[in-house]
Amino acid sequence: MTVLYGSSVLDGTLTTASGMATTTGGVETSKQTVLTGSNVYGEIWSQGNAGLATVTAIPATPTGRGWIFYPGAGTFANAVWGAIITFAHIASTTSDVTIRFFKYTGSYASIGTINVATNTAAKTTWTFTNTTMPTVTTAASDGIYIDLWYHDSNANAGGDNPTIYISNSATQGVANDLQVTTSAFTPSSATKLFICDGYGGVSS
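Under our numbering, the first residue of the sequence shown is numbered 1, with each subsequent residue one higher.
What the hints contain is simulated information worked out from the structure, not anything from laboratory work.
Using N, Cα and C, we set each Cβ at its ideal position, and we do this for glycine too.
Mixed in with the good hints there might be a few duds.
[Said to hold, decoys possible] DMTMM-like, lysine to aspartate or glutamate: derived pairs with alpha carbons at most 20 Å apart: (1) Lys31 to Asp96; (2) Lys123 to Glu28; (3) Lys103 to Asp142; (4) Lys123 to Asp142.
[What the hints assert, rightly or not] The calculated label-pair distances, taken between Cβ atoms and stated as ranges, are: (5) Thr93 to Thr2: 14 to 22 Å; (6) Ser188 to Ala121: 40 to 48 Å; (7) Ala77 to Thr56: 30 to 38 Å.
Let the hints inform the model, and build the full structure from the sequences given.
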């Protein structure tokens, strides 16, 4: 398995998203997304937002405002993925958060989603149920993209202003602050060329 930790540092390739680390040791920071309007869904931006309009449903195509990690060429097993977030919001006790996983190749291909109820407004650590995801094969430059969507089922998400707690470091995360655990990842083996010299000797 690979454990990833969300950061507040913008990625150098997908420049609207923030990066993810594979080790801990960072310092916790937070980003608040101020939600406006009267719809029930709002994205939790990795960089926060001072005034983001709510929407009626989670869009199929990501905005690119989440988090991304580049595993290199290889394959994630058909097995469970999980996640933990530390999160706060204002007022609503009828809320939930959906985390989505995508393979990013310049466009997005869905891997899967997990949802968790977040019905305490104060800063709380929430654990998403481990959920089986399909096999995912990545090329050398492909990324694993993650986003978070807030939902207020009582009335509307406007004014709920979700805050996500993450690391201030691109290389060191904070345990339980947007922590994603993937299935086992097997790197692609390097291709070797074997040459026979005609006398029983083989070189590569």
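Item to check | Hints not upheld, ascending by number | outcome: 4, 5
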